[in-house]
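**Student:** Protein sequence lines correspond, in order, to chains L and B. First residue of the first sequence: 1, per this note's numbering; consecutive thereafter. First residue of the second sequence: 1001, per this note's numbering; consecutive thereafter.
FYI, nobody ran anything at the bench for these hints, they're computed from the structure. Don't take every hint at face value.
Covered stretches of chain L (chain B as the covering partner; in silico rule of three or more C-beta atoms under 8 Å from a C-beta of chain B) [what the hints assert, rightly or not]:
hint, segment
1, 12–23
2, 47–61
3, 256–262
So, partial list: chain B residues that the calculated Cβ filter (under 8 Å) puts toward chain L [claimed, not checked]:
hint, residue
4, Arg-1019
5, Thr-1024
6, Leu-1026
7, Arg-1028
8, Tyr-1030
9, Arg-1039
10, Leu-1055
11, Ile-1056
12, Ile-1058
13, Ala-1059
14, Ala-1164
15, Leu-1170
16, Ala-1171
Glycine residues also receive a C-beta, built at the ideal position from the N, C-alpha and C atoms.
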Amino acid sequence: MTTPPEPPPTDPDELASAIVDGLLSPETADRARRDPAVAQRVDDILQVRSALRDTPPSPPGALDAALASALNAYDAARPGRTADPRHLRPVPPPARRQAAGFRRAGSWLAAAAAIVIVGLVAVSVLRQNDHDAADQASTAASAEDRPTTEAGGSESGDLAPEAAPEAEAGAARSAVYIGSAETTEELEALVEQNRSRTDTQLGNDSTAPNSAADGATCIGLSDQGDPARGTTVFVGDAEYQGKAVRVHVYELAGTQHLVATDTASCTDVVDVPFTP
Amino acid sequence: MVQFTDDQRLIGSAVAGDRTAVDTLLRRHYDRIWGLCRRLAGNDADAQDATQEALIAIARGLHRFDGRATFTTWSYRVATNACLDELRRRARRPIPSATDELVLVDPTPLPDQITERLDIDAALAQVPEEFRVAVILRDLCDIEYADIGEVLNLPPGTVRSRIARGRAHLARHLGNPQPSTDRPTP
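So that you can see chain L by itself, here it is in the shape it has in the complex:
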């Protein structure tokens, strides 16, 4: 037993829609098209369809950002991974994603500005001290002893950060020097003070260079830090209890952790929850 064919719709809109989608027999469609209202509606639907398909392209970077989040979610959803949260990376909530994008752009601009300022300062200093070779040599030796270059007046937050020499132990790239601390609380305060000019979503930025991949021997000293700990939302250099440390703030599953890694020994000297 076969189902009898459905009668064609009587409503002009449904009739036109059925014609467009080829749901009617050719004879029925031809008959329906003789009604000017139906014919007009068919044309309308075809125009609307054409306009609908002219979808604007997705903005640059949207694909990578969405994919990064999706892959993080995939990692988190895998049963074998959930047991070890160090392998998880947080999924940024949508409301923050745009802000993160602006912060990323802002941090690149800040970095570019910092490079220019550093260059100008360096040229100025070199000219002024050109006559005193001994002092200059002494200064250079002192800088090599530090894991990062200390920006003059950077603790006040008024000046842009200064880049560290490439040859520093373990760290392939420079980071902002944020100051000196004796206690964990002081270190947290330094991070908080410097977040506004260095806050970045390095972990989600596919264009950010990975220092570890570039040759850093200690992942805790790279710009991006240890991805297994979460997304790096802050990186800086500091002096902690007299030792040079690289400081990372990792975000994982909505909570943040502050980790300070001794640049000389590549050991974590601070690893505490961090509340901005």
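Chain L is fixed; fit chain B onto it per the hints.
**Tutor:** Only chain B this time, still in chain L's reference frame:
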């Protein structure tokens, strides 16, 4: 067919833990998910977030894909729900629309193509959600009625009716206000 087979292979690898397969699969289907979310959202900013949520939902749910539908149909269902959820969440927050910004910030005439996009976005925004989704799935995503019924969990008659109503709404909002007997839909 090649894409279907490839999708199956990628899904198999993804479920087995191959992150690269997930990446490849999502990249492959990104444009159509973006298109769906862009049209549902009506502006780029909301569409970006909605697309991200959709990809997250797909990535999280890969292990639940049972192969009864094609991956395309299944992913449209997941993406549609994720997009709509995200848009409903955002609707509770007052955010100026792209149209508002463009009109207020720059009164100079817009290029025709952008004007048309704004027109279609504005027209879509006037269409009730249940009709809008059906039209977008049919006219943008090219999904068959039966699959739309599967995506939206609706019987075929309701799908047909919603598509017709949605198209009529759009035509009216885009400048062809023909009289139509607006009956309640099932």
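**Student:** Taking the earlier hints as the rules, which of them does this structure contradict?
**Tutor:** Hints 3, 5, 7 contradicted; others consistent.
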